[in-house]
Structures are given as C-alpha cells and as structure tokens.
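Engineer: Now for the letters of each chain:
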Amino acid sequence: MRRPDWAPETIDIDRPSAARMYDYFLGGSHNFAVDREAAQAMIAAVPEAPLIAQANRAFLRRSVRFLVEAGVRQFLDIGSGIPTVGNVHEIAQAMAPESTVVYVDIDPVAVGHSREILDGNERALAIRADIRDPDRILDHPDVLKLIDFGQPVALMIVAVLHYVRDEDRPTDLVGRLRSALAPGSYLALSQASGEGRSPAEWDEASAVYKRTDRPLHNRGRAEITQLFDGFELVEPGIVWVPEWRPDSSHAFEDVERAIYIGGVGRLR
Amino acid sequence: MIHDPDAKPDPVAAPGQDRYGPGLAVFARAWAKAVTGTSYLPVTPAQLEEFLEGLTVRLVEALHEEPFSLRRGYQIGSDLVAAHIASAEGLGRTIEVIELRLLRDLGLSPAGPPTAASAGSPDATSGGPGSGGPGPGDDLRDRMARLLGTVAIGYARALRDRTLDEQESIRRAAMVAREQAEHALRESEARFRHQATHDPLTDLPNRALFAERLAGVFERDGRSGRRLGVCFVDLDGFKMVNDTLGHQAGDQLLVSVARNLRRGAGEHLVARMGGDEFVILVEDTTCTDDVLKVADAALAAVNEPYVVDGQELRVSASIGIVERPVAGTTPSDVMRAANITLHWAKSSGKSRWALFDPERNERELTRYALSSAMPAALERGEFCLDYQPLVSLCDGRLLGVEALVRWRHPQLGVLRPDRFIGLAEETGLIVRLGSWVLAEACRQARRWVGLSEKAPFVSVNLAVRQVRGPGLVKEVTGLLREHDLPPDRLQLEITESAMMNTADESVDNLRSLADLGVRIAIDDFGTGYSNLSYLRTLPVCELKVAGAFVEGLRAPATEPASVTDERILATLVSLAHTLDLTVTAEGVETATQADRLRAIGCDAAQGWHFGKPMPPSLVDALL
Ligand SMILES: C[S@@+](CC[C@H](N)C(=O)[O-])C[C@H]1O[C@@H](n2cnc3c(N)ncnc32)[C@H](O)[C@@H]1O
Numbered sequence: 001m002r003r004p005d006w007a008p009e010t011i012d013i014d015r016p017s018a019a020r021m022y023d024y025f026l027g028g029s030h031n032f033a034v035d036r037e038a039a040q041a042m043i044a045a046v047p048e049a050p051l052i053a054q055a056n057r058a059f060l061r062r063s064v065r066f067l068v069e070a071g072v073r074q075f076l077d078i079g080s081g082i083p084t085v086g087n088v089h090e091i092a093q094a095m096a097p098e099s100t101v102v103y104v105d106i107d108p109v110a111v112g113h114s115r116e117i118l119d120g121n122e123r124a125l126a127i128r129a130d131i132r133d134p135d136r137i138l139d140h141p142d143v144l145k146l147i148d149f150g151q152p153v154a155l156m157i158v159a160v161l162h163y164v165r166d167e168d169r170p171t172d173l174v175g176r177l178r179s180a181l182a183p184g185s186y187l188a189l190s191q192a193s194g195e196g197r198s199p200a201e202w203d204e205a206s207a208v209y210k211r212t213d214r215p216l217h218n219r220g221r222a223e224i225t226q227l228f229d230g231f232e233l234v235e236p237g238i239v240w241v242p243e244w245r246p247d248s249s250h251a252f253e254d255v256e257r258a259i260y261i262g263g264v265g266r267l268r
Numbered sequence: 001m002i003h004d005p006d007a008k009p010d011p012v013a014a015p016g017q018d019r020y021g022p023g024l025a026v027f028a029r030a031w032a033k034a035v036t037g038t039s040y041l042p043v044t045p046a047q048l049e050e051f052l053e054g055l056t057v058r059l060v061e062a063l064h065e066e067p068f069s070l071r072r073g074y075q076i077g078s079d080l081v082a083a084h085i086a087s088a089e090g091l092g093r094t095i096e097v098i099e100l101r102l103l104r105d106l107g108l109s110p111a112g113p114p115t116a117a118s119a120g121s122p123d124a125t126s127g128g129p130g131s132g133g134p135g136p137g138d139d140l141r142d143r144m145a146r147l148l149g150t151v152a153i154g155y156a157r158a159l160r161d162r163t164l165d166e167q168e169s170i171r172r173a174a175m176v177a178r179e180q181a182e183h184a185l186r187e188s189e190a191r192f193r194h195q196a197t198h199d200p201l202t203d204l205p206n207r208a209l210f211a212e213r214l215a216g217v218f219e220r221d222g223r224s225g226r227r228l229g230v231c232f233v234d235l236d237g238f239k240m241v242n243d244t245l246g247h248q249a250g251d252q253l254l255v256s257v258a259r260n261l262r263r264g265a266g267e268h269l270v271a272r273m274g275g276d277e278f279v280i281l282v283e284d285t286t287c288t289d290d291v292l293k294v295a296d297a298a299l300a301a302v303n304e305p306y307v308v309d310g311q312e313l314r315v316s317a318s319i320g321i322v323e324r325p326v327a328g329t330t331p332s333d334v335m336r337a338a339n340i341t342l343h344w345a346k347s348s349g350k351s352r353w354a355l356f357d358p359e360r361n362e363r364e365l366t367r368y369a370l371s372s373a374m375p376a377a378l379e380r381g382e383f384c385l386d387y388q389p390l391v392s393l394c395d396g397r398l399l400g401v402e403a404l405v406r407w408r409h410p411q412l413g414v415l416r417p418d419r420f421i422g423l424a425e426e427t428g429l430i431v432r433l434g435s436w437v438l439a440e441a442c443r444q445a446r447r448w449v450g451l452s453e454k455a456p457f458v459s460v461n462l463a464v465r466q467v468r469g470p471g472l473v474k475e476v477t478g479l480l481r482e483h484d485l486p487p488d489r490l491q492l493e494i495t496e497s498a499m500m501n502t503a504d505e506s507v508d509n510l511r512s513l514a515d516l517g518v519r520i521a522i523d524d525f526g527t528g529y530s531n532l533s534y535l536r537t538l539p540v541c542e543l544k545v546a547g548a549f550v551e552g553l554r555a556p557a558t559e560p561a562s563v564t565d566e567r568i569l570a571t572l573v574s575l576a577h578t579l580d581l582t583v584t585a586e587g588v589e590t591a592t593q594a595d596r597l598r599a600i601g602c603d604a605a606q607g608w609h610f611g612k613p614m615p616p617s618l619v620d621a622l623l
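Protein sequences, first through last, are from chains A and B. Quick note: the first sequence uses the numbering used here, first residue 1, plus one each step. Quick note: the second sequence uses the numbering used here, first residue 1, plus one each step.
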C-alpha cells in the first residue's frame, strides 16, 4: 500500500539531526551517539563550530532582548530547535511575563522536547511544521491561539534557512510570512553564509551535513540581505552575528570566521 | 578593607563583597574569561562576572569557615553547573583560575613565610595534626586543596546529573515523538483504509470491502454446510430523480436511502456498489426464508418517504436474491446470479424482489448461448431446410412445399425454428438468416422445376424485417433471375400481424413482387384481427388458415364446438373465394379433418396427414 501524502514520517533517530548537533555545540546533552559523532566530524572540519553555534545563540538572545525592549510581546520562532539553554520564552517572559511564544520546528523530537519543557506554560507552545509551508503555520489553530496577527509579531528565523534549498525559494517563504504581519512587526534572521571560509572547509562541512536530516545551503551576504525585503533594518544592519549589538567588545575574536550572518528588520 | 589573614575568620559574619576591594572584580573577570566559550552561557558578560563575584565570596567564606565544611564546596560546584557553566573545560579552567589567582587577587596569601613543612614536606597539604602543627598559611593551602576537591566533586556530580537528566528527557521526547508518529501513521492508515473501503457519498462499505467480506465467507469454511444470501438492490427510476431534480438531489436521496437500508438490513453488511446499486450480504443463512425477510425489510425501508430539497419523495427498489450453500459456488457466481435475478425483478414489474431460479437461468443461458452461436453457425452452414407438402384437397396433387429452416446444432442436435427464430429476430440476424433461407429455397425450387413439369412451388416465411427491408424486391428479382425460376414457383408467406403493421413501403414491396408473378400468402390467418378488408387491397393470392381452427375439426361433427369451428371455416373459405383467394388449411392431421375441409371447399391442406417436413431428397420422390 502506498503511503498517502498526509501520513507523517516515522522518527529516524539513527540519522544525525541538525537540531541535536546544534544542541551538542551549545554544550547540551540532548543528543544521541549519532549526533555527537557527526558533530565531532564537523568540529574536525571547522574547529570553532561550537563557538560559532554559541555566537549564533547569543545573537538570538540579544535580538529577543532588543525586541522585548522595542515593545514586541509576541514571538513566532520558526526552526526553534531543541529547547536548551536560553530559550526565547525564557528570555522574553523574564523581561515581560505577558509575552507569548510559539515555537515551530520540523524535527518531531525537538517539538516533543519543547512540549515537555513548556508543559504548564500557558503563554508558550510548540507545533511541528515546515517553514516551506508557511500557510500551514499561519493558519495553524495553535499559532492563532497565542498570536494575534493584528498586533506586532517578532518573526524569528534564526539559523534555519541554510537548511532550505534555493528551489524552495526562501525569499518567497519569508515574503509569505511577512505578508501576514502587522506594521511594527520584526524579523530576526540569521543563516550560515558562504563567506570567510575556504571552499575546502565548506566542502567538508557540507559533507558532514549531507549525512544528517538537513543538508546545508549557505548563502552570501547579498542573498541574506534580500531575505529582509520589505523590512527596515535596525542598526547595525546585516552583519556577522557577533557584531550585532554585542554585549561587550571582546565577544568573538575573529568575527570574519563567524559563518553566521544576520540582523533584525522592522516592518513599516 | 583588607582582610586580615591572621584574624580568625568569623564563620557567622562572613565578609561582605566590598571587603575584598577591587581584587574581587579582577578575579571574577579572569574567571569569567576563562570559562567563556566552554559552553553556551545565556547571559551577558557583565551578568556572568556578577554571578562569579558572588561565587568568589562564597569560596572565600568556605575557605575560612570553622569548622571547614565540605558542603560549601559541593554547593559552589553545583551552582556553577546550574548557571550553565557546565562542561569539562568549564571545570578545568575554574580549578585552574581559582588555584592560580584566588588567594593572590584577593590578597589572601598566607601572611609570613611558608613554614618548612609547607615548603617541602610531602604531607604539607594533608592538614593532619601530626604534621607538626601547620601555620595559618599552611592551613589555608590545606583548606584550598580540600575546597577545590569538593568544588570538583560537586561540579562533576551536578554535571553528571544534568547530563543524565538531559539524556533522559531527549530520549523520552524521541520516544514520545516516535509513538506519536506511529499513532498518526496508524490513524492515517486507518483513515486511508476507511477511504479505500467506503463510499465517500454514503459512507457505506464500497464494492471492494464487500468483495473482501464475501470472499471471507468462502475462505472461512466452504465445506461445513454453511449457506449465504445476497440481496442485490437497485432503485427503481432513480435516473428520473437525477434528471428531473438534479444530481445534488439525487445524491441526497442516495444518502437517505443508504441510511434506511442500513437500518433495514440490521446487522447485515450493506454496501454501495455504485450508482443506485446496493448489496446486502446475509451470512450464515439457515434457509431461503432468512434472506427473504431481509429483502422484505429492505424494500420497506427504501419505501419510506424522503424529503429532498424540501420536497417529499418516494422511491421503490427491486431486489435480486440469491441464497445457497457456500460449498459448490463462488463469489462471482453468487454475484452474477444476484445481478441476473435483479433483472428478473425489474422486468416483472419492479418494486419487488425475485429469487434466483437455476432452471430459468439455465434456459436463459441456453438462449443466450444459442443466440451468440448463431452467426458462426450460419457461416459454417449449420442451417438447412426441410420441406412440408401442401396438397390439393380436390385431387391430392402436390401443389407446393413450405420451406422450414432447421439448425443442425453440433451439440444440441437438430433444432426447430421456434428455438431460434425469435432469438434471430432479437439480434437482427434474422435478415441474414432469412436471405439464406430464401436463396436456398429458390435453388431447391429450381432443381424441382428441372426434375418435373409438375414441380411444387416453394413457400418461404418472411420475417417482418425482411418485408420492410428496402432490398427485398431486388433480392427476389435477383434470385429468380439467377436460378431462372418461374416466379409462380415461389410463394412468400407473411403473418397476418406483420401484414397489419406494415408500412406503405412494405405494401409497395409486396405489390411489386406480386406483379412479378410471385405468390403472396397470409400465414396463420385467423389468429390476429382477421381484418378482411385489407385483403381486397393487398396483392395476396392465398390464405393459410391457422391450425387452431383446423384442430376443432378433429372432434366428431356432432360436438357443438366442432360445428362452430366448421362454420367459421366455411365462411372463411367462401369469403376468400369471393376475393379470389385460395385457402390452405394448416395442421391437418387426420383423414376426417381432410374430409371435412374438402367438404367445405377448402383448396389445399398441409399437415402430418399429408406429410411431415422432410429433406428435399424425399420430396423428389413425390414428384
Ligand atoms: C540550528 S537550529 C536553530 C535553533 C534556534 N533557532 C537557534 O538559532 O538557536 C535549526 C533548526 O531548524 C530546524 N529546521 C530545519 N529545517 C526546517 C524547516 N524546513 N522547517 C522548520 N524547521 C526547520 C531544525 O530542525 C533545527 O531544529
């Protein structure tokens, strides 16, 4: 019997998961042997991989703080990953308890874990969805339960789009999500760039991720800038993530090698 | 204020943070720097430093606590982990930085020169009372070592617990996710299976599921004398509903009918086979009656009034029923039989059930087999003609012969026309078969003309279709020419009813043929309306009186009924003669009949008394 389109896939934990590798880089133990093995292969290719992941996670933290300070109280975090240290709802709700957060991820284990963490938190929930199907996210009853699209929303797409192929038109996907947002909403986005690294390094890194559930598709600064179409970039614009409103000047030693490029934009 | 190392530390009033001066911040910054990057810390550098300053104060307090307590070190270690400084590197660098800098940065270095014991004795740090009494510096070093040991233990324990907790929770998440995926898959499979096995409109089981269940009945045990029943239900005039009220109303009606049927059929499986066809499977019947009850209930259920589109509507259904032992039949046999039976119910007036009857089915099958075998049989020459004498009642002369077609069926033997002419008429083969008969009869007639100048005419029955056909005149003309046959040696018989119903064209056909000199006879006269008026206008030369009248002459002439028949015949004969028609009596079987016919002036006769149908060679002998 052929599996119908709407039947879900089964969980394959024998394959490295990008979400759990990321957790490993951040120092977490929400991972399995296959994930650690792939993460170590990545470290062999790019020794600063853990620092790079941490720098991206710190960008996420700083951008959430910025957004709460800017008055946003609704967060739609797509590609939210395994909830580990410094989750969006923890940061936002610590600053403004009324903040609502919806986590969206394609990885069922990440979503399962998110639900466990969020049990009892009425202002945060997690759904499983694919950013490549933005309508499903925007129409999802759980999303609508916590997010009022008539009010400003912080759309977080941090360290996700490098898992989306060009054929899936990331600019259009972001555009579709943007079209649902009220003026005064924000986009916080980062993604792996192809810059600052030798082709050999990239080849090795790509080879590692080919074995995972999410192969890599890096993009240059120009393409990443395009993702912000329709948004007005806040200072300092699109930069290596450690350079985005750093807490202190000595945060990351060699920003050129930070891989992740990102920024925050405001919808007029 | 600089801490006085010589003073006994006061375990209760721990020194405040400001007591350590700038050294505290310097140390905390160094510590923060050392652990940054060992794992992700969800705080700003300033927050980290502040946190570590707090821990530093607690370290110092622990160093000076009296009595020295292991618990403090454990707690500091586990607090580090709780603050997410939680990695092997985090621990290593922490110990390194404390050991290297804590005392120095905070100005806690033991005052005065190190004692001899502390400088060189291997047990300088043991702190044991037997080491010759340690000075305050030695005591501090001693305490530092023990403190670091407990910090490391507390840290390692907390890190291990955290790791185990995280492992447990991610495994649980994976398990839950897997269970959910499997559940969803099962559910979607169930949904898929439901969709694949149910009709989307009525949600009744569909043809596939029915076939499966029916097959199941046969698989379970075909030999233990079990029986089954099937009702094949079809709505009467459903197309009309669709056509007049629209498809949507039709669909609505089907949904209601389905609901009623399901209720009417009780525990038995009701499936929608498509369109307005439903089927009920009655398993484990004990006798035919069991199914008849279900069928009655189904008919009653269907008959209930419906409201469709605000309009009250009534429909009926016809049902074909099969009930038989499971052994010796197959699912497809059962369904075929049910379908056939449904047609019987329909053709006998609808709104009823019919029960399968194997004998009737057998007959229909044979008819079907015959009708489908006929074209090839005609090609292969399986048909032939017998001839029955038509004899003059005046002098016993052989006037003519009637050609009677036979089918020498390879399996069934010689078949008489009543077995297959009707079928040929249904299928339309009658035209080709009729042509063959006509041609063969002409050929034979011509042969007899060659044999004798007293050769009989050959009388051939024409079917209505032939009479109406535009090519009849041409066909006959062609045959006469081909065989050089005198036209009066050919007689064409048409039935009275055919004659009545013929259109102008057919009359024209007959007139042209009569003009050629071909004899035209009315067959079976007296069985139809016997309207004599048309005989005047038609080019007919002979009436063949149906055997039914002649039959009456068999009885003794004293019987009133027989007398009546004789009178009718006599009237008929005289009337015919008035119209200049000759009369031939059919079905004459006895000499008495012949005598009485002769007495009333009948011209000729045909029947067993004068000769049965025979092959042409036997006719030769009569010439
Ligand atoms: C590197 S993690 C980023 C986590 C978090 N946003 C952060 O920056 O700290 C990337 C996450 O994106 C998810 N992801 C990848 N492709 C996705 C897609 N097509 N739709 C939704 N999530 C996706 C992965 O499962 C993974 O959990």
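Some hints could be false.
[Stated by the list, open to error] To be clear about the criterion: a stretch of chain A counts as covered by chain B if any three or more of its residues have a C-beta under 8 angstroms from a C-beta of chain B, and this derived list gives those stretches:
1. 27 to 34
2. 105 to 112
3. 145 to 157
The hints are simulated quantities; they were obtained by calculation from the structure and are not laboratory data. Ideal placement from N, C-alpha and C gives every residue a C-beta, glycine not left out.
Engineer: Which constraints among the numbered hints does this structure fail? Numbers only, ascending.
Structural biologist: 3
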